[in-house]
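Generate coordinates for the entire structure from the input sequences, incorporating the hints supplied.
Residue numbers (my numbering), protein chains in the order written: chain A, 9 to 330; chain B, 3 to 491.
A hint or two may mislead.
[Unchecked claim] Quick list of in silico lysine to aspartate or glutamate cross-link-like pairs, EDC-like style, CA-CA up to 20 Å:
#, chain 1, residue 1, chain 2, residue 2
1, B, Lys-352, A, Glu-110
2, A, Lys-167, B, Glu-416
3, A, Lys-255, B, Asp-377
4, B, Lys-383, A, Glu-128
5, B, Lys-383, A, Glu-129
6, B, Lys-399, A, Glu-190
7, B, Lys-383, A, Glu-190
8, A, Lys-255, B, Glu-416
9, B, Lys-424, A, Glu-190
10, A, Lys-262, B, Asp-377
11, B, Lys-399, A, Glu-198
12, A, Lys-123, B, Asp-377
13, B, Lys-382, A, Glu-129
14, B, Lys-383, A, Glu-198
15, A, Lys-106, B, Glu-276
16, B, Lys-347, B, Glu-280
17, A, Lys-113, A, Glu-129
18, B, Lys-352, A, Glu-129
19, B, Lys-352, A, Asp-166
20, B, Lys-399, A, Glu-242
21, A, Lys-106, B, Glu-406
22, B, Lys-399, A, Glu-200
23, A, Lys-262, B, Glu-406
24, B, Lys-382, A, Glu-198
25, A, Lys-135, B, Glu-396
Think of the hints as simulated: they come from the structure by calculation, not from any bench.
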Amino acid sequence: MKFGKDFRNHLEETLPAWRDKYLAYKSLKKLIKNLPPDGDPPPVAPAAAIVPVGDGDGDGDVALGDWFARILDMELHKLNDFYIEREEWYVIRLQVLKERIERVKAKKNGAFTSKSEFTEEMLEIRKAFVIIHGEMILLQTYSSLNFAGLVKILKKYDKRTGGLLSLPFTQRARHQPFFTTEPLTRLVRECEANLEVLFPIEAEVLESSSSSAKLRPQNDDAASHDPASSVDVETSDVYRSTLAAMKTIQGLRKASSTYNPLSLARFFHGEDGEACSGAITSESSLLDSFSQIQDAENDDDKEVQSREQNSAQNDADGRRDE
Amino acid sequence: MSTQSVIAVKQFSGPDKMAHICAVPQPSAHNLSNANSDRSGSRNNTPLPCAIQSSNLKTELINSSGLPKILPFSTDSNTESSLSCISQADLSDPVLSSSSTFCTSLYTSSLKNSDPCRKTSDLPFLPHPPKCEQQQSSPGLSSSSLLLFDADLRNSSHGNDEHTDFIKDFLNLSSDGSFHGENSVIAYNEQMEFQFLSEQLGIAITNNEESPRLDDIYDSALQLPSLPMSYCSDQEDLHDAGSPVKVQLSSSRSSSGTPSCNKPRLRWTQELHERFVEAVNKLEGPESRVITLVHSEEFDHEKINITVLLMFYLIHLVEATPKSVLKIMKVEGLTIYHIKSHLQKYRLAKYLPETKEDKKPYSEEKKAKSVANGDYHAKKKRAQMAEALRMQMEVQKQLHEQLEVQRQLQLRIEEHARYLQKILENQQKTRESISSMTSTTEGESSEFAQIEKTEYKAETSSPPLSKCITSTTDAECNSQVDNKKTASG
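Printed below as a string of structure tokens:
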């Protein structure tokens with residue numbers, strides 16, 4: 009229930025072109041709700057689904073499972089297609105950007121442009137890098153959220169029909185292209201490395217060329233600026249979506265770790281931007297995973313309770329921070 | 003260079019084109035078998051319940067059954083023996099090979115391409131035959147004939163990758179025994195459709211024979227050995243444009259999970275893309291190709307005019323075609339279809355920054371301002387923007403870290419689930435053995451079943467291990483909360 013809301017909110021705030029590319033969580037949930045609780049094959053196949061075939065062999069359970077697995081399969085294809093296509097695009101864009109850097113560098117060495125024009129160009133490149141980085145992170149969010157959604161849907165299905173689709177299908181989904189994000193992670197790292205190598209140097213050039221003392225106060229001024237307002241439409245779009253994604257992912261983590269404030273504490277540390285990854289010992293994440301399973305199993309009855317606990321926790325932390 | 007290409011033109015206007023074409027097809031048999039082994043490999047890697055796979059195939063069946071019924075032989079030859087099937091396949095082979103090579107040469111002209119495409123896309127709307135007929139006639143083909151059919155296709159080295167793959171799919175399924183009859187019919191119809199397609203292509207080609215084959219000229223100028231893949235995939239490409247079977251195929255394949263090259267849905271890794279860029283640069287990179295052409299030749303005025311004409315002609319050729327890129331890349335399993343869409347994206351991506359650089363309405367305005375207000379403001383603005391970008395980057399990195407954590411979690415859950423499944427399976431086994439042992443006494447066995455059931459339930463709903471761990475952590479956190487409260491209060 010909570011997840012559905014988070015998911016919907018996320019869809020509203022993510023990049024507009026991506027909205028219809030996500031898992032059709034809501035309709036799938038509706039579909040399950042309309043299923044008869046005891047595994048008879050559905051009387052009329054709901055919209056967007058194919059009529060079940062192979063009615064002759066096996067009992068109704070198998071047919072129903074087949075039918076639902078096929079619907080989920082179509083969703084998987086949708087996710088994979090979108091994911092792979094975006095990934096391809098980022099591979100290309102990153103390479104083009106790298107070429108552009110080389111070009112600019114060559115230009116600079118040839119004393120081709122004026123100083124300001126050079127920095128202007130570098131700023132453009134930097135912006136492009138940040139945008140592509142942001143979009144790649146959003147694609148990872150896409151991967152993660154859709155997988156989470158799929159797992160939830162499968163659990164709901166099993167619960168409703170008494171089927172055993174969840175285990176095999178989760179394993180299947182785990183090996184889908186949209187959930188194998190290693191290549192994308194590599195791209196992200198490369199993008200970050202490029203930015204780090206390029207822009208500290210660039211900043212030095214910018215500052216050393218001018219009277220840095222004069223620039224200092226302005227820098228502070230800029231720091232108080234919200235990125236969404238100061239930069240143009242493209243970046244602010246990505247920025248807004250990033251913030252929304254952050255909220256959603258945090259929501260997921262909260263929901264998953266209601267019984268384990270260790271991870272909650274970690275999450276608050278993470279927001280402070282310090283030692284986020286260091287805090288994750290293998291032990292604590294293991295506990296996490298156990299507790300999430302436990303949690304998901306009986307989330308309905310304990311959800312309210314857990315949320316109360318959660319908010320109490322938040323209060324406690326908030327007070328501590330003050 | 004120019005002379006070379008001119009000669010090439012002459013060569014190709016001559017009749018020895020067929021010879022060139024015939025030389026190509028040999029090595030693809032290797033590819034096909036490769037693809038097959040690949041396929042079976044991936045099958046092993048994803049241990050799925052048969053239900054899911056078969057359901058997949060069922061959808062394919064539905065979609066494909068409506069397709070090629072208009073074909074000349076499809077209805078009556080279904081009832082014929084398997085032997086005629088094979089001979090039919092044999093017959094279609096020469097047509098296939100020649101026409102598919104032709105269509106690569108047709109590739110550059112979209113006009114010619116669109117014609118057969120349109121026709122094939124009309125196919126699904128043709129009337130469906132009654133379903134019962136299909137089922138009735140299907141048992142005529144035995145599984146061995148299907149095997150023969152497949153083997154035959156593999157031997158005739160110009161079968162399509164996808165096609166054999168498809169049949170292989172069906173073969174696997176038919177060994178399961180469930181839908182065997184229908185499958186063979188479909189597979190057969192597939193073959194028919196290929197023939198049908200190639201016939202159409204043949205017609206299209208003869209209609210347009212006079213037009214110059216730019217692609218061919220260019221290729222010969224490059225003097226590259228051609229890959230067998232290129233024409234196979236070309237046909238696949240054309241096929242793809244029209245029929246829903248193909249679409250279904252591609253998606254079902256991508257769902258098999260393991261990344262394999264012969265999937266229509268290809269994952270472009272960085273390495274692959276680098277190779278691609280290399281190939282494109284090799285093809286269209288140095289404009290020197292044209293320039294040297296002008297410099298090296300000593301012509302009088304008239305001839306220079308001709309050279310200029312030729313030059314413009316060649317500029318068009320210098321645009322890398324999917325086919326030429328494919329040949330240079332030499333990556334196994336890559337098809338022209340993959341290259342084509344990737345090339346499109348690549349061009350788009352390349353144009354994107356340049357158009358941005360060109361227009362720059364924002365920075366132009368800023369520049370004007372900077373002139374008016376002095377350097378200081380421009381610098382300030384730039385610093386602000388840089389700062390904003392830096393902040394944005396920070397946020398994105400944070401999200402990235404959280405996502406990594408989330409992903410680890412998800413993977414662990416999946417692992418855990420797999421572990422649970424293993425336990426369940428083991429239990430199932432023991433239950434089976436127990437029930438077989440105790441089947442003699444009825445009351446006892448039912449009792450056993452009951453016990454098993456409760457055990458099973460306990461196992462699924464809450465693993466005892468996790469329960470105990472969470473309860474201990476619960477205690478821990480409570481104490482922690484208390485600590486915090488006391489600290490803050």
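query: When you check the alpha-carbon spacing of Lys-382(B) and Glu-129(A), does it fall within 20 Å?
result: holds (16 Å)
query: Given the hint that Lys-383(B) pairs with Glu-198(A), does the C-alpha gap stay at or below 20 Å?
result: violated (28 Å)
message: Please verify whether Lys-382(B) and Glu-198(A) have alpha carbons no more than 20 Å apart.
response: violated (29 Å)
field: Given hint Glu-406(B) paired with Lys-262(A) - CA-CA distance at most 20 Å
entry: Holds. Lys-262(A) to Glu-406(B) sits at ~15 Å (cutoff 20 Å).
message: Given the hinted pair Lys-399(B) and Glu-242(A), is their Cα-Cα distance within 20 Å?
response: holds (18 Å)
message: Need the status of pair Lys-135(A), Glu-396(B): alpha-carbon distance at most 20 Å?
response: holds (14 Å)
message: With the threshold set at 20 Å, check whether the alpha-carbon distance from Lys-262(A) to Asp-377(B) stays at or below it.
response: Given pair Lys-262(A), Asp-377(B) is violated - Cα atoms ~49 Å apart, limit 20 Å.
- request: Verify the proposed pairing of Lys-352(B) with Asp-166(A), using a straight-line Cα cut of 20 Å.
  value: Violated. Lys-352(B) to Asp-166(A) sits at ~48 Å, over the 20 Å cutoff.
message: So if I understand the rule, the pair passes when the alpha-carbon distance is 20 Å or less; does Lys-399(B) with Glu-200(A) pass?
response: holds (9 Å)
query: Lys-352(B) and Glu-110(A): Cα distance at most 20 Å?
result: Satisfied, since the Cα-Cα distance of roughly 14 Å is no more than 20 Å.
message: Against the 20 Å threshold, does the CA-CA distance of Lys-106(A) and Glu-276(B) hold or violate the hint?
response: Cα-Cα ~12 Å, so holds.
Pair hint Lys-106(A) and Glu-406(B), alpha-carbon separation not exceeding 20 Å: violated (25 Å)
Hint compliance for this structure: hints 3, 7, 8, 9, 10, 14, 19, 21, 24 are broken, all remaining hints hold.
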